[in-house]
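Protein sequences appear in the order of chains Y and F.
Position 166 of the first sequence, counting from 1, maps to 166 under my numbering, and the rest follow consecutively.
Position 24 of the second sequence, counting from 1, maps to 328 under my numbering, and the rest follow consecutively.
Since the hints were made in silico from the structure, they are not lab data.
Be aware that one or more of the hints could be misleading.
[Stated by the list, open to error] Calculated cross-link-like contacts (lysine to any residue; reagent style SDA-like; alpha-carbon spacing at most 20 Å): (1) F:Lys413 / Y:Thr266; (2) Y:Lys294 / F:Thr372; (3) Y:Lys271 / F:Tyr391; (4) Y:Lys271 / F:Leu335; (5) Y:Lys172 / F:Ser371; (6) Y:Lys175 / F:Lys443; (7) Y:Lys175 / F:Tyr391; (8) F:Lys413 / Y:Thr260; (9) Y:Lys72 / F:Leu340; (10) Y:Lys271 / F:Val341; (11) F:Lys413 / Y:Lys172; (12) Y:Lys72 / Y:Asn270; (13) Y:Lys280 / F:Glu362; (14) F:Lys443 / Y:Thr266; (15) Y:Lys263 / F:Met333; (16) Y:Lys297 / Y:Asn81; (17) Y:Lys72 / F:Gly369; (18) Y:Lys263 / F:Thr372; (19) Y:Lys271 / F:Asp330; (20) Y:Lys263 / F:Lys413; (21) F:Lys443 / F:Glu362; (22) Y:Lys297 / Y:Glu208; (23) Y:Lys271 / F:Arg393; (24) F:Lys395 / Y:Ser277; (25) F:Lys395 / F:Asn381; (26) F:Lys413 / Y:Asn81; (27) Y:Lys172 / F:Lys395; (28) F:Lys415 / Y:Leu281; (29) F:Lys443 / Y:Asn81; (30) F:Lys443 / Y:Lys280; (31) Y:Lys271 / F:Glu383; (32) F:Lys415 / F:Glu383; (33) Y:Lys280 / F:Lys415; (34) F:Lys443 / Y:Glu208.
[To be verified] Some but not every residue of chain F turned toward chain Y, in silico, with C-beta under 7 Å: (35) Gly357; (36) Glu358; (37) Glu383; (38) Gly384; (39) Tyr391; (40) Thr400.
Positions of the beta carbon are idealized from the N, C-alpha and C atoms, including for glycine.
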Amino acid sequence: MQHFNIKFFVVLLFSVLIITSCNTDPAASDKENETIENKVFNEIDTAATQIYKFNNTLFSIPSPYEISILMKDLGIEFNPNIINSTGNAQLYTDNYTKALNLGVYGADLAYLNMNKQIPEAAKYFATIKITAEELQLSGAFDMNTVTRIENNLGNEDSLLYILSIVYRNSDKYLKENNREDIGVLVLAGGWIESLYFLAQVAQETQNEEIITRLGEQKYPLENLIKILTPFYNTSQQYADLMESLIDLAYVFDGIEVEYTYEKTETDEANKISVINSSSKLLMNPEHVSMISEKISKIRSNITD
Amino acid sequence: MNRTLRNIALIGLFFTFQTFAFSQADKTMMLCEKHLVPPFVSDGQEYRALLNGEELAEFNVTLYGGSTYRIIACSGNAEGLLIFSIYDREKNLLFTNRDYKNSPYWDFKIKNTVNLTIEAELEQKEGNSGFAFIQIGFKQ
């Protein structure tokens, strides 16, 4: 009986290995795959719920690149003083600060790239690569990607495209390897740096469009807090970061939003729809200065 | 001894299943990625949720006014297996790919910044389960 059981499990294990390793025609093996898929998903669902879903609700944070593109489109002059110095990288000795600053440096690199600051961009790319390696994220920076980035420093469109893939691969890698606690920090660092840029420029220029963009961060901030919530008890550092973001959210709560629904227009032939609905933000100068003050403090706690 | 071997076999099975699941997920991701090409740039995040039967996944997004985005939805090993619908904050339906043969991607020109909810569900619900992938790209 004992031999039967051992044989049974060994045969079963090898059968599954053979089924999963043979890369046959997908259509022909659909039926078998479906059964296995169901079992697999049931296993994963119970074993790794946190990896893939948070009550089946996912939250998006706008890319830091979008903010840099926006500032460039508005003709905002490049300010080398608002980015985090690469010299500070030596201060980041634990994974928490490394991950946050990986996000910060990513936003900085996007800003430098958009403003054609090529030698500086190369320096920031080198720092990002080292930080990613220290976080054991070198998979996202394989030799091919490194070469592509080095060859495209100066070609803002290509670099933006490649970097967005690098950050997406890092996000994917961290989610698949139970390291979402690190992934959320990279995301948070990038968003905090972008908000810091917006706040600094809004204060300096009083540009209406920048001020509106600053106010529009109300919803991404809510999303970021929801993303961080499951990690609140990970350490005191996570708890402090969340509390500072919640404090910032109180200021954003004071900004009223008037939403107007308008019918969407769709061009089926070109697969494009125009979302005509609009939101109007009711902000005052006090909101701008309070946001600026609070985000500067949060950012300083991360970078200094 | 018997129990130990059984546990080893079960652990082996679990990791084999898990590797298989990730490989299936990667194949689905590739279906999505072929639509995320220049001039669209990824927002740097990967959104995935595991759905069973009639379950819905919700993706909360903020899209900036003046920008054009591409939303790509994939599941399983073929296109058109994931239905995605976009709602505004008042739950008005703004778009659903169900009206367009479950098109795997659609572009959206945003006039004013909006906070939206994307709901994703499997096309074939009965006895089915699978990953729902959403990717968001913005136009350079």
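Which constraints among the numbered hints does this structure fail? Numbers only, ascending.
2, 5, 6, 7, 9, 11, 12, 13, 15, 19, 21, 22, 23, 25, 26, 27, 29, 30, 32, 34, 35, 36, 37, 38, 39, 40
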